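Asker: Sequence:
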Amino acid sequence: MNVREPKSAAEVRAGRELTVRAWAEGYGDLLSPDALSTIEEVMLDQNFEQEHAEFTGSEVDNRALVAVADDGAGGPTTVVGWATLLWDDEWTGEFVGDDEAELRACYVDPEYQDAGVGAALVEAVLSRVPAGRDRLVLEAFEAHDESRAFYEAQGFEPRATGEIVVVGESNPSVVYEREC
718 MNVREPKSAA EVRAGRELTV RAWAEGYGDL LSPDALSTIE EVMLDQNFEQ EHAEFTGSEV
778 DNRALVAVAD DGAGGPTTVV GWATLLWDDE WTGEFVGDDE AELRACYVDP EYQDAGVGAA
838 LVEAVLSRVP AGRDRLVLEA FEAHDESRAF YEAQGFEPRA TGEIVVVGES NPSVVYEREC
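Letter by letter, the sequence shown follows residues 718 to 897 in our numbering.
Bear in mind the hints are in silico, worked out from the structure with no lab data behind them. Don't take each hint at face value.
[Claimed, not checked] Across the chosen pairs, the derived CB separations fall in these ranges:
no.	residue 1	residue 2	range
1	Glu840	Asp751	31 to 41 Å
2	Gly833	Met760	36 to 46 Å
3	Ala727	Glu828	13 to 23 Å
4	Gly849	Gly745	17 to 27 Å
5	Ala786	Ser844	16 to 26 Å
6	Asp751	Asp816	34 to 44 Å
7	Thr878	Glu722	15 to 25 Å
8	Asn764	Arg738	13 to 23 Å
9	Ala727	Glu869	31 to 41 Å
10	Ala877	Val759	23 to 33 Å
11	Asp805	Asn764	33 to 43 Å
12	Asp806	Asp746	16 to 26 Å
13	Asp787	Asp815	12 to 22 Å
For clarity, every value in this text was computed on a predicted model and none was experimentally measured. Glycine is no exception: its CB is placed at the ideal position from the N, C-alpha and C atoms.
Turn these sequences into a full structure, and let the hints steer you where they fit.
Answerer: Here it is, written out as structure tokens:
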């Protein structure tokens, strides 16, 4: 497995498709079917060429990363993880301070969970936090014990509570932070 920036719009799309699968499996008991359907529409109704350009290059203030697995024989790779790192104030959540960056997404294909993919994504994100940003912060559903346990195992500590609003549905959240 290798963690890197997406090399193509197809890899960005694969990351978005993986996110939709992870949301359906992980948050199906927290969100309505209508909300999950809307998330799928929004995630997959994108200009992936443009999104690829927005997440790569030296002039951007946000990053996407993919974890890719290969067949071991030099064949095609499969995107098995997706993460996004944000620090542009226009895109970060309200809970993100001026000296912080946000881990907006960290999703692993359900078939590859518990195989170290998520931990590798977090470490890769941490290595890309720009200078001057002292903490990496994120927001997780309070009721999703699996993700909270994962982030705590990666060294994140809870610092506040809040609300995540997804397609008009509100859920309690926990804001986590980790020193960079």
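Asker: Now look at each hint and say whether the structure bears it out.
Answerer: Hints, one by one, checked against the model:
Evaluation of the 31 to 41 Å hint for Glu840 and Asp751 yields a pass: the beta carbon distance comes to about 36 Å. Range check, Gly833 to Met760: Cβ separation about 25 Å, and the 36 to 46 Å hint is violated. One distance hint, 13 to 23 Å for the beta-carbon pair Ala727 and Glu828, holds here, with the actual separation near 19 Å. Between Gly849 and Gly745 the C-beta distance comes to about 39 Å, which lies outside the given range of 17 to 27 Å.
At roughly 20 Å, the beta carbons of Ala786 and Ser844 sit within the given window of 16 to 26 Å. Between Asp751 and Asp816 the C-beta distance comes to about 38 Å, which sits within the given range of 34 to 44 Å. Between Thr878 and Glu722 the C-beta distance comes to about 33 Å, which lies outside the given range of 15 to 25 Å. As the Cβ distance of Asn764 to Arg738 is approximately 21 Å, the hint placing it in 13 to 23 Å holds.
Restraint check, Ala727 to Glu869: a C-beta distance of roughly 34 Å satisfies the suggested window 31 to 41 Å. In this structure the hint that Ala877 and Val759 lie 23 to 33 Å apart at CB holds, the actual value being about 26 Å. Checked against the hint of 33 to 43 Å, the C-beta distance between Asp805 and Asn764 comes to roughly 19 Å, which is inconsistent with it. Hint check: Asp806 to Asp746, Cβ distance near 33 Å, so the stated range 16 to 26 Å is violated.
The hinted range of 12 to 22 Å is not satisfied by Asp787 and Asp815, whose Cβ atoms lie roughly 40 Å apart.
Violated hints, in rising order: 2, 4, 7, 11, 12, 13; the structure is consistent with all others.
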